[in-house]
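Engineer: Sequence order for the protein chains is A and B. First residue of the first sequence? That's 1 in the working numbering, and the numbers climb one at a time after it. First residue of the second sequence? That's 1001 in the working numbering, and the numbers climb one at a time after it.
There could be a bad hint or two in this list.
[Unchecked claim] Among chain A residues calculated to face chain B with C-beta under 8 Å, some are:
1) F37
2) F59
3) L62
4) L67
5) D69
[Unchecked claim] Once the Cα atoms are required to be at most 25 Å apart in a straight line, the calculated BS3-like pairs of lysine-lysine come out as:
6) A:K57 - B:K1034
7) B:K1047 - B:K1034
8) A:K57 - B:K1364
9) A:K57 - B:K1047
Think of the hints as simulated: they come from the structure by calculation, not from any bench. All C-beta atoms, glycine included, are put in the ideal place defined by N, C-alpha and C.
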Amino acid sequence: MIVSLASEVTVLRARLDTCERLLVAAKVLAPGAIDTFSPDEAAQAERDGMRQHTLNKVFRPLQEAALADLAAASRPTVATEIQV
Amino acid sequence: MSGIAESRAALAHPMIAVPTHDELVEQLFVRDLKLFVGQTLEPAQQKIAAQIVPEVAASGSNSPVDDLRHRMQSFESFTTWLSLKRESQRQLWAAVEDCVERQADQLEALAAVDAPKGTVTLDADFAAPDYITRGDIHLMPGGNAHDDGSVLQGAVMDRGGAVYMLGRNGGMLNDLRGHTAMAHLLTVAPDIRPARILDMGCGIGTSTVPAAVCFPEAEVHGIDVGASMLRYAHARAEHLGAAVHFSQQSAERTSFPDASFDVVYSCVVLHETSPEAAVNILAESRRLLRPGGIAIHLEVPLLHTLGDLWQELSSELEAQFNNEPNWRGALTADYGQLMRAAGFADIRVGYQATAFNGRTAPRKFGEASEGVFRSWFVTSGRA
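Model the full structure from these sequences, guided by the hints.
Structural biologist: Laid out in structure tokens, this is it:
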């Protein structure tokens, strides 16, 4: 799974690099325009949101597993019933 | 030229490594991942622990924290959370190292300061103590004493510290602890005009520069075990306009003569040493003071969490998974007793409100913690 994902990200990165080079060659972008790009406050907030969204989506199963363990731990056991 | 969200000109000091577009996004990702681990995944573990703590209490264990940990380990999400905690910290350094190495030549050129106000004195024969070399503190690859003759390990620590602290300790300057120590000094001695000040375990000088800022007429010294960190500390202080004399020494036993400082302080150093070294450092801070001089030792403000089993376990895990060699020792010590044993008078033990500027901050010191990052644990005493 991770190998396929790494392969896919590598392809995506190469394609993005191709786009950047073609845009520079076509004089749409100045050389280094992306590396020196500084988003304004609104754009930064949107990008923060995008990053948060990705993170929550990718790692959601970990949070769900933790909540499932919590539900299991919260179930009364025979031992605790006896104590009560 | 301006970079994303920050440029060298806009930064708090020019020595800090400036990330490219991709490097900054990666660092922000690591920061957010660490927040996810700490603020989304950890609370679920805390709730699981709350269900288990009554079982631990009923078992009458002599070691309830170990007992809780053993029981928590039966939950897969507990071990997954710990793995991710460790991995997010490793990713942090990987992201920072790439960024620093790319601009190695530029940083070396910046570090070559003409007509410096301060100095840096290195000792080629210096052997770092075991607690520094045994494991890489905070998982920083190579550790605090690593030295390849450059400023790069210091640059890694600086950039990493800014990301690690997630902006809670003074942003790119990372200097709130130093200012808080100075605020404490001015709380207990409002009219003090120290001639000589020493920062023990100064690292890259984040807590040392505030002493020079608050007391511009004082001669300020900083000592640490890492040559690369000290070279960087010197360059960083010069770029901030602070005259500081850095030297490579152990805080347990320095080369300074008896009674040679008016103020000796340390910031979050004791929990990176050992119980024995902490006692030695307190004694050394006493030896170096002139009569009436003041020693201040600032530590993480978590001592108040002792007694809460989950907080104790969480603390242990932070120490073990992030290589903090004396976490338990520093957080369970009886500082009043240790300071008395070191020969101090007018001993204070409590919490100093976090200061942005030690000189102008409210002089607020009390027995209760105001919480993590809002106040710091401080013990102080007079010679």
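Engineer: All hints are to be evaluated individually against the structure, with a verdict given for each.
Structural biologist: Against the structure, the hints:
no., hint, in the structure
1, F37, "holds, 6 Å"
2, F59, "holds, 6 Å"
3, L62, "holds, 6 Å"
4, L67, "holds, 6 Å"
5, D69, "holds, 4 Å"
6, A:K57 - B:K1034, "holds, 15 Å"
7, B:K1047 - B:K1034, "holds, 19 Å"
8, A:K57 - B:K1364, "violated, 43 Å"
9, A:K57 - B:K1047, "holds, 22 Å"
Going through the hint list in order, the structure does not satisfy hint 8, though it satisfies all others.
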